[in-house]
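Knowing the structure of chain A, use the given hints to seat chain B on it.
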Amino acid sequence: MKRILSLILTFVLLLSFTACSGNFAQVDLKEPIALADDGIVERDVFEKIKNENAIATFTGESSEMEYEWTIFGSDLKDTKDVNLSITLEKTEKGIKIKFSETEDFGFPALLSVHLNEKWKVDSATAFDDGSAVYSVSITGSKTSILNISVNKIVAECEVLPDDTKQTESTPSTETTAPDNDDKDSSETNKTDSYLSDVKDSDNRVYSDGQNKGKDKYETDPVPEGKPLPVEPEDQEFDKKKTYTCTFSIECSTILNNLKELDPDKRELVPSNGVILAPTKVTFYEGESVFDVLQRVCKEKGIHMESSWTPIYNSAYIEGIHNLYEFDCGELSGWMYRVNGWYPNYGCSRYQLVDGEVVEWRYTCDLGNDVGREGTW
Amino acid sequence: MMRDSFSEYHPFNNFLYFVLVIGFSLALSHPLAQGVALVCAMTYIISIDGKKSVLFLLKYCLPMVLLTAFINPAFNHEGTTILMYFSNGNPLTLESILYGFSAGTMLVTLLLWFASFNRVMTSDKFIYLFGKVIPALSLVLSMSLRFVPKFKSQMATVTEAQRSIGRDVSSGSLWSRTKTAILIFSIMITWALENAIETADSMKSRGYGLKGRTAFSIYRFDERDKYTFVWLAFCGLFLLSGSLLSAFGFKYFPNVRYAALDMTTIPFYCVYFALCITPVVLNLKEERKWKTLVSKM
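In the order they appear, the protein sequences are chains A and B. Residue numbers are given in the numbering used here: position 161 of the first sequence equals residue 161, and the series is strictly consecutive. To get the numbering used here, take the position in the second sequence, counting from 1, and add 1000.
Looking at chain A on its own, in the form it has when it is part of the complex (with noise of 0.2 Å):
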């Protein structure tokens, strides 16, 4: 009886594989897909990403450089065959990118292009005859990466890099015609006009530079120009006195490096990289980057964990959207920037002044890929 019993016992054993197996499909979403030569994508892949609500890359190559398309199954309606080779062609100050198909996709999708150069902005433009169609924003650690967030098809369009913000938001060029800065800056870029007025109002300390070594909570000179840090103990609010900062939180470098990433936090990676979109919100004078941080995101719900680190006197971001440290990589994390600057101490000792633009990067290469100066 008992040599039945495991006869019967085997026979369901067989069953349960060939009824598991039947699951695995032909192609496998989790690795990039080479585009074939005349790059055309069909239906059914889409709708095998839309059925598994998956990632899905794909990659190709012109003019001896990569491109990928990271396409999101949650962002899929309607699907068709869609050809999703382009041509890459360099120009004298930028690049040129003519797409092969002539209707619009559908639905977005997120075109990266690898150059062979650095370009030292971080963000560009897509010309098409002279008018704006896309955005770009740039990432990458030695060589460029061009995010472009394709909606709508234009036969082709040059990208070129936006003008360098970085060599205005120093205090140096400051003393440029304050008439320019008003006329220009504040309709387009917030960023440069409110610095002017700042400088004079706040009773912030800023570095001369002069410093050499490091300070008691290791951390190195900071440089010429930019605050200096505050100490939490030392720090006074003031709930009389309430003013404005930009805040941003976006995690793009994950969508240029979904290889590396955790797998199970695929599901958490928004489209467009963006978990909070800039947002002007209110803080009493004399708060932190961290304190404003916390309160916005317990305003608007989005998980945060942050550690206390005594020898850095400042708090640590772990984890912002359960997007965590090293989830995409051992370089990876959160970093912060503000008015275009990472400051090289602790988010807890930066004490914000009216009007400024705090955004808050993933980066996948230790800050290299989000446009962070210097080394380590």
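Please keep in mind that the hints were generated in silico from the structure rather than gathered at the bench. Where hints are given, some of them may not hold.
[As the list claims (entries may be wrong)] Just the calculated beta-carbon pair ranges, DEER-fashion:
1) A:Asn53 <-> B:Ala1074: 28 to 38 Å
2) A:Pro223 <-> B:Gly1023: 19 to 29 Å
3) A:Asn203 <-> B:Phe1070: 37 to 47 Å
4) B:Leu1107 <-> A:Ser62: 53 to 63 Å
5) A:Pro263 <-> B:Ile1134: 30 to 40 Å
6) B:Leu1240 <-> A:Asn344: 46 to 56 Å
7) A:Lys142 <-> B:Phe1114: 46 to 56 Å
8) B:Leu1083 <-> A:Asn53: 25 to 35 Å
9) A:Glu231 <-> B:Leu1107: 58 to 68 Å
10) A:Gly213 <-> B:Ala1027: 49 to 59 Å
11) A:Glu52 <-> B:Leu1237: 21 to 31 Å
12) B:Leu1240 <-> A:Pro263: 14 to 24 Å
13) A:Glu231 <-> B:Arg1119: 56 to 66 Å
Source: prediction; values computed, not measured. Even for Gly, the Cβ is constructed at its ideal location relative to N, Cα and C.
What follows is chain B alone, placed relative to chain A:
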């Protein structure tokens, strides 16, 4: 309490059973699988240990589960379901509480498996299995496993003896009590070291671990052991393939996700239950056989 006839099976089967259940208790994080393992481990230890283990369960295991469920969220803040915030601003998440429960359950399950492991795998069985392959290590292992109960009983003896010559740990001033306790502890350390050396010397002088040395053992791999082995091996392979096919898949972070319970996954849970409950079933069968024999007489 019943007679543990499973421990009379061949040591290899005993050992294989514990390797499988302890391994799967560690590897499978699905709450249903954990529940199955916990229930079976409890049933087995109660069936061979009786009332004493029920008390142990209530007194130590239940608080341990609750404690881990409370402690884990204090250090782990991952998870998408935010319930409230701690005073330092970190969130309390549902996932971290659930994970705490799961970790506590696993801890208790393992504790119970090891408790029954200690009852079933006596040191002679252990030495029988591994004495040839890894003589030194298996001796050390069996000696250290035996150490705690032996130490406890020797301590009781020494305390009694000291009391009879007037050194009582339970009465007198704090200073004299501490002095006596330290003295007893020192005696115990000396005894333990001496005992270990003596055991090692004694084993060495008997030629333990030498080539060609035979050891008397009463174990025989008979028919019922063959069947049991086939059954255990089948369960092991079946469950291994099941966990490779992620039939027991369960993720706590960043949000709770799990393999659905359907016709493809339920068989794995049934087999897991069958594997864990095997010794209890064997004991019951033996008991019934014994009773029928008695009534015929």
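Consistency of beta-carbon spacing, Asn53 (chain A) to Leu1083 (chain B), with hint 25 to 35 Å: holds, 26 Å
Whether the CB-CB distance between Leu1240 (chain B) and Asn344 (chain A) falls inside 46 to 56 Å: Between Leu1240 (chain B) and Asn344 (chain A), where Cβ atoms are some 51 Å apart, the hint holds.
Range hint compliance [Cβ, Leu1240 (chain B) to Pro263 (chain A), 14 to 24 Å]: Holds - the Cβ-Cβ distance for Leu1240 (chain B) and Pro263 (chain A), about 22 Å, lies within 14 to 24 Å.
Assessment of proposed distance window 49 to 59 Å (beta carbons of Gly213 (chain A), Ala1027 (chain B)): With a Cβ separation near 52 Å, Gly213 (chain A) and Ala1027 (chain B) satisfy 49 to 59 Å, so the hint holds.
Consistency of beta-carbon spacing, Leu1107 (chain B) to Glu231 (chain A), with hint 58 to 68 Å: With Cβ atoms ~42 Å apart, the hint is violated.
Distance restraint hint 46 to 56 Å, applied to the beta-carbon atoms of Lys142 (chain A) and Phe1114 (chain B): holds, 53 Å
Ala1074 (chain B) and Asn53 (chain A) - C-beta distance against the hinted 28 to 38 Å: holds, 33 Å
30 to 40 Å as the expected CB spacing between Ile1134 (chain B) and Pro263 (chain A), which holds or is violated: holds, 39 Å
Pairwise beta carbon distance, Glu231 (chain A) to Arg1119 (chain B), judged against the given window 56 to 66 Å: holds, 60 Å
Status of the given 21 to 31 Å range, CB of Leu1237 (chain B) versus CB of Glu52 (chain A): holds, 30 Å
CB-CB spacing for Gly1023 (chain B) and Pro223 (chain A) relative to the 19 to 29 Å hint: This hint is violated: roughly 56 Å between Cβ atoms.
Pairwise beta carbon distance, Asn203 (chain A) to Phe1070 (chain B), judged against the given window 37 to 47 Å: holds, 46 Å
This entry does not satisfy hints 2, 9, going by the numbered hints stated previously.
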